Amino acid sequence: MTPSSMYLAEFIGTASLLLLGNGINMTLSLRKSFGKGGGWMVTCFGWGLAVSMSAYLTGWVSGAHLNPALSISLALSGRLALNLLPGYIIAQLLGAMAGATLAYLTNKDLMDDEPDAGTKLGVFATGPAIENKPWNLVTEIVGTTILVVGILAIGYGSNEVGSGMGPFLVGMLICVIGMATGGATGFAINPARDLGPRIAHALLPIKGKGGSNWQYAWVPIIGPIIGAVLGVLFFDAFVGKCITCII
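In terms of the UniProt record's numbering, the sequence shown opens at residue 1 and continues consecutively.
Since the hints were made in silico from the structure, they are not lab data. These numbers were taken from a predicted model, which means no experiment stands behind them. You may find that some hints are simply not true.
[To be verified] Here are the simulated distance ranges between beta carbons:
(1) D116 <-> L233: 39 to 47 Å
(2) A117 <-> F34: 16 to 24 Å
(3) T106 <-> W214: 22 to 30 Å
(4) P115 <-> M165: 38 to 46 Å
(5) A81 <-> F34: 23 to 31 Å
(6) A117 <-> G162: 45 to 53 Å
(7) F234 <-> G35: 17 to 25 Å
(8) G35 <-> G210: 19 to 27 Å
(9) G78 <-> R31: 46 to 54 Å
(10) P134 <-> W60: 39 to 47 Å
(11) A180 <-> L76: 42 to 50 Å
[Stated by the list, open to error] Cut-off 27 Å, straight-line C-alpha distance, at most; resulting in silico cross-link-like pairs (DSSO-like, lysine-lysine):
(12) K209 <-> K36
(13) K209 <-> K108
(14) K32 <-> K133
(15) K133 <-> K209
(16) K108 <-> K36
(17) K207 <-> K32
(18) K108 <-> K207
(19) K209 <-> K32
(20) K36 <-> K207
All residues carry an ideal CB built from backbone N, CA and C; glycine is no exception.
Please take these sequences and the hints and turn them into a complete structure.
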C-alpha cells in the first residue's frame, strides 16, 4: 500500500467512526429523537460497533488505527514507520471533523430543536460527569492503557484469531471500556474522537450552541496519549512475554 492510500483509509475510517458515533450520541440525547433516553449501555454497544464497522472498512489498507494515541504508541514501539505518523494523525483529525460534520447534517433538524447548549456540545465532544481534571486525566489514561494492551493481545500468540474477527473483538473491547470507565468522562480514549468533533462544534453554525469547553479539551488529548504509550510499554515488558512463555 502507498502512504497516500493509507492516509486516505485513516481519513475514511475515522470519518465513518465519528459519523456513526456522534450520530449515536445525537439519536440518544436530542429531545425529539425517537432514540432519546436509550441509556449508557446502548451508547457503549453503539460506539463499539461503530469502531468495528469502521475497522472492517479500512483495516486491510492502513490497519485502521483511527486514533492518534494508538498510532503514536505503535510508532514509538516500532510497529508503525515514524515517517507515516504525521500523515496518520492529520488524516485521523480531518476525518473526525468530517464525520462529526456529517452526523450534524444528518440530524440538523433535531439539533436545531434541542434547547440545551450543553447537550449540543455533549453529542459532539466528551465531558466529565464531575469535573476534576487530574482524576479525569487518570480515567482517560487507564481506559486507553486497557485499550492498547487489549488490541495488542488480540491475535497475539495463542490468542490468534481469524482476520475477520479482529475488528469485532476490538469493538467489544471498546464497549467494555465504556461500561467500566465511561461514566466518569465519556471515554474519549482517542484524541481525534474528541478534538475533531470539538473543532466541528466550534466552526459549524449550530443554532443556539454555547462554547466548546476548550479549558477541558486537553484532558482527552493528553490522557489517551499517555495511556497508549503506557499500554504498549506494559504489553512489551510483561504481557507479550508472559503469553510467549505460556505457549
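Verification of the supplied hints:
no., hint, in the structure
1, D116 <-> L233: 39 to 47 Å, "holds, 41 Å"
2, A117 <-> F34: 16 to 24 Å, "holds, 23 Å"
3, T106 <-> W214: 22 to 30 Å, "holds, 25 Å"
4, P115 <-> M165: 38 to 46 Å, "holds, 44 Å"
5, A81 <-> F34: 23 to 31 Å, "violated, 46 Å"
6, A117 <-> G162: 45 to 53 Å, "holds, 46 Å"
7, F234 <-> G35: 17 to 25 Å, "violated, 37 Å"
8, G35 <-> G210: 19 to 27 Å, "holds, 23 Å"
9, G78 <-> R31: 46 to 54 Å, "holds, 49 Å"
10, P134 <-> W60: 39 to 47 Å, "holds, 40 Å"
11, A180 <-> L76: 42 to 50 Å, "violated, 26 Å"
12, K209 <-> K36, "holds, 19 Å"
13, K209 <-> K108, "holds, 13 Å"
14, K32 <-> K133, "violated, 32 Å"
15, K133 <-> K209, "holds, 24 Å"
16, K108 <-> K36, "holds, 15 Å"
17, K207 <-> K32, "holds, 16 Å"
18, K108 <-> K207, "holds, 9 Å"
19, K209 <-> K32, "holds, 17 Å"
20, K36 <-> K207, "holds, 20 Å"
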